[in-house]
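Work the whole structure out from these sequences, hints included.
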Amino acid sequence: MTDTISGTLEQRRDAASFPFGVRPEAAAPDRDGRGPDTMNRLLLHAARYHARDAVSLRWEEGRTEWGWQPMPDWRADRYTVRAALVLRQRLEVADGETVALWLPLSTEWPIVERAVWSIGAVSVPVWPEWDLERVAQVMADAQPAVLVAPDWEAVRQLRVIGGLPESVRGIVLWRGAPDDAQDALPFAQFLDYGGVLDTAERAAMWRTLTRGLSPDTAVSREYTSSGPLQWGKLDHRMLVAAVERMLRRFPAHAGRVQVLTTERPHPTLRALIFAGWVDGLTRTIFAATSEAQEHLEAFVPDLVVGPAESLGSVLRTVQAAAAAPEPPAPRRGLLARLLGVRSGDDTAPRRRPRAPTVRVLLTDGAPPALDDATVTMQFVEESEIDVFPIGPGMAGQGQ
4 MTDTISGTLE QRRDAASFPF GVRPEAAAPD RDGRGPDTMN RLLLHAARYH ARDAVSLRWE
64 EGRTEWGWQP MPDWRADRYT VRAALVLRQR LEVADGETVA LWLPLSTEWP IVERAVWSIG
124 AVSVPVWPEW DLERVAQVMA DAQPAVLVAP DWEAVRQLRV IGGLPESVRG IVLWRGAPDD
184 AQDALPFAQF LDYGGVLDTA ERAAMWRTLT RGLSPDTAVS REYTSSGPLQ WGKLDHRMLV
244 AAVERMLRRF PAHAGRVQVL TTERPHPTLR ALIFAGWVDG LTRTIFAATS EAQEHLEAFV
304 PDLVVGPAES LGSVLRTVQA AAAAPEPPAP RRGLLARLLG VRSGDDTAPR RRPRAPTVRV
364 LLTDGAPPAL DDATVTMQFV EESEIDVFPI GPGMAGQGQ
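Per our numbering, the very first residue in the sequence shown carries number 4; after that it's consecutive.
To be clear, the hints were calculated from the coordinates, so they are not data collected in a lab. Quick reminder that beta carbons are idealized off the backbone N, C-alpha and C, glycines included. Treat the hints with care, since some could be wrong.
As the list claims (entries may be wrong) - If you anchor each label on the Cβ, the simulated ranges turn out as follows:
| hint | residue 1 | residue 2 | range |
| --- | --- | --- | --- |
| 1 | 182 | 254 | 21 to 31 Å |
| 2 | 159 | 70 | 24 to 34 Å |
| 3 | 324 | 202 | 39 to 49 Å |
| 4 | 251 | 168 | 22 to 32 Å |
| 5 | 34 | 54 | 45 to 55 Å |
| 6 | 68 | 133 | 28 to 38 Å |
| 7 | 182 | 257 | 40 to 50 Å |
| 8 | 36 | 135 | 45 to 55 Å |
| 9 | 204 | 301 | 39 to 49 Å |
What follows is the structure, given as C-alpha cells:
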C-alpha cells in the first residue's frame with residue numbers, strides 16, 4: 004500500500020473544523036491555541052464527546068455465554084489511563100522508548116497503543132503472522148523496553164532462539180500466565196496494577212502530559228513484513244492527517260458500524276480503528292474468526308475490511324439477515340381489540356428494510372461474488388486511505 008501525505012498537514016486544526024462526529028455545544032477554551040493536532044488530543048476529545056453504547060465489540064465467551072462483548076468508551080478510556088500509568092510509573096518507560104506490541108488487532112490493541120503514545124513512547128507493531136526469526140530481528144533492532152506478547156509459549160520460543168533482547172524489562176501477556184509469576188504480567192493483572200495507581204491526581208497529571216506532547220513526536224516504528232529488515236516511522240502529525248482523511252471519506256453518523264475480519268496490525272487498519280474511536284459514533288466490530296463472522300446478523304455494516312475469503316462470509320451473513328423475515332408483531336392487547344383498533348396483520352411476518360450499500364476494502368484476494376445479492380457492494384480503493392510511514396523500503400509493505 005502506498006500513500007501521499009495530505010497537503011493539509013500544515014493547516015491549523017480546531018475542534019470546529021475537524022470532522023468529529025460529536026462536538027460540544029459550545030467550544031471549550033483552547034488555552035494553548037493548538038487545537039486537535041495530535042492523536043492524544045483527538046482521543047481526549049472522544050473520551051468526553053461520544054454517543055454510542057461501545058467503541059468496539061468482540062465475539063467471545065462472557066460470564067454466562069458466548070456473545071458480542073462490548074468495550075464502552077468510559078472503560079476504554081479508563082483502561083488507557085491505567086495502562087499508561089503502569090508503563091510510566093511501574094515499568095519506567097521513558098520518552099522515545101519503544102514498546103513492542105506482538106498482538107492481533109482486537110479490542111486491546113487500540114487501548115494499549117494509545118497508552119504508549121500518551122506517555123511519549125513509540126509502539127512497534129509485531130505482526131502475529133511473522134515467523135520467530137522475523138520477530139527476533141525486529142526485537143533486536145527496536146530494542147523495546149516492554150513487550151506485550153500473545154502468550155507465554157510465544158515468549159518461551161523467542162527466548163530459545165535468543166530473540167528476547169536484554170532491553171526488555173517488562174513482559175505483558177495478552178492471554179494466559181507465565182510459568183513463574185516474576186517473569187511476566189497477565190493482561191488482567193497489568194490493568195489491576197494500573198487500577199491501584201489510578202488516582203485522581205495521577206490521572207490529571209497524565210492528561211497534562213498527554214495533551215502537551217508535540218505533533219512531531221513519533222508514535223510508531225513500522226517494520227517491513229518481508230525482505231531485508233527496514234522500518235519507517237509515523238508521528239502524531241502524520242496520523243492525525245490520516246485519521247482526518249478517513250473521517251472525510253467515511254463521515255460519522257449515528258449507528259455507523261465498521262467490521263474488521265483481519266488481525267493484521269497494518270498502519271492503515273490501525274488508523275481506521277482510531278478514526279472510528281475519534282468520531283464518537285462509530286462502533287468497530289472485530290470479527291476475524293469464522294464464529295464471529297457467523298454471528299454478524301445483528302449488524303448492518305457501513306464498511307467491511309479484510310481478505311476476500313472472509314469478506315464473502317461476512318457479506319453473506321449480512322445479506323441473509325437483511326432478507327430474513329422479522330418476528331411477528333406483538334398481538335394487540337385486550338383494550339385495543341375491544342376498541343377495534345387496527346394495526347394491520349398482526350401475525351404476518353415482516354421483511355427487514357433492504358440493506359444499505361456496504362463499502363468494502365479488500366486487503367487481498369479477488370472481490371467476493373454473491374449469488375442473488377441483496378447487498379450492494381461499493382469497493383474502496385486502497386489509495387484513498389493508505390497510510391505510508393516515512394522511511395526507506397516502506398513502499399513495498401503490503402497489507
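A quick look at each hint next to the structure:
Checked against the hint of 21 to 31 Å, the C-beta distance between residue 182 and residue 254 comes to roughly 50 Å, which is inconsistent with it. Checking the proposed 24 to 34 Å range against residue 159 and residue 70 shows it holds: the Cβ atoms sit about 33 Å from each other. At about 46 Å, the CB distance of residue 324 to residue 202 agrees with the hint of 39 to 49 Å. The given range of 22 to 32 Å is broken by residue 251 and residue 168, whose C-beta atoms sit roughly 41 Å from each other.
The given range of 45 to 55 Å is broken by residue 34 and residue 54, whose C-beta atoms sit roughly 26 Å from each other. Between residue 68 and residue 133 the beta carbon distance is about 34 Å. The supplied range of 28 to 38 Å therefore holds. Range check, residue 182 to residue 257: Cβ separation about 48 Å, and the 40 to 50 Å hint holds. Taking the beta carbon of each, residue 36 and residue 135 are about 49 Å apart, inside 45 to 55 Å as hinted.
Residue 204 and residue 301 have their C-beta atoms about 41 Å apart, which keeps the hinted 39 to 49 Å range intact.
The structure is inconsistent with the numbered hints 1, 4, 5, although it conforms to all the rest.
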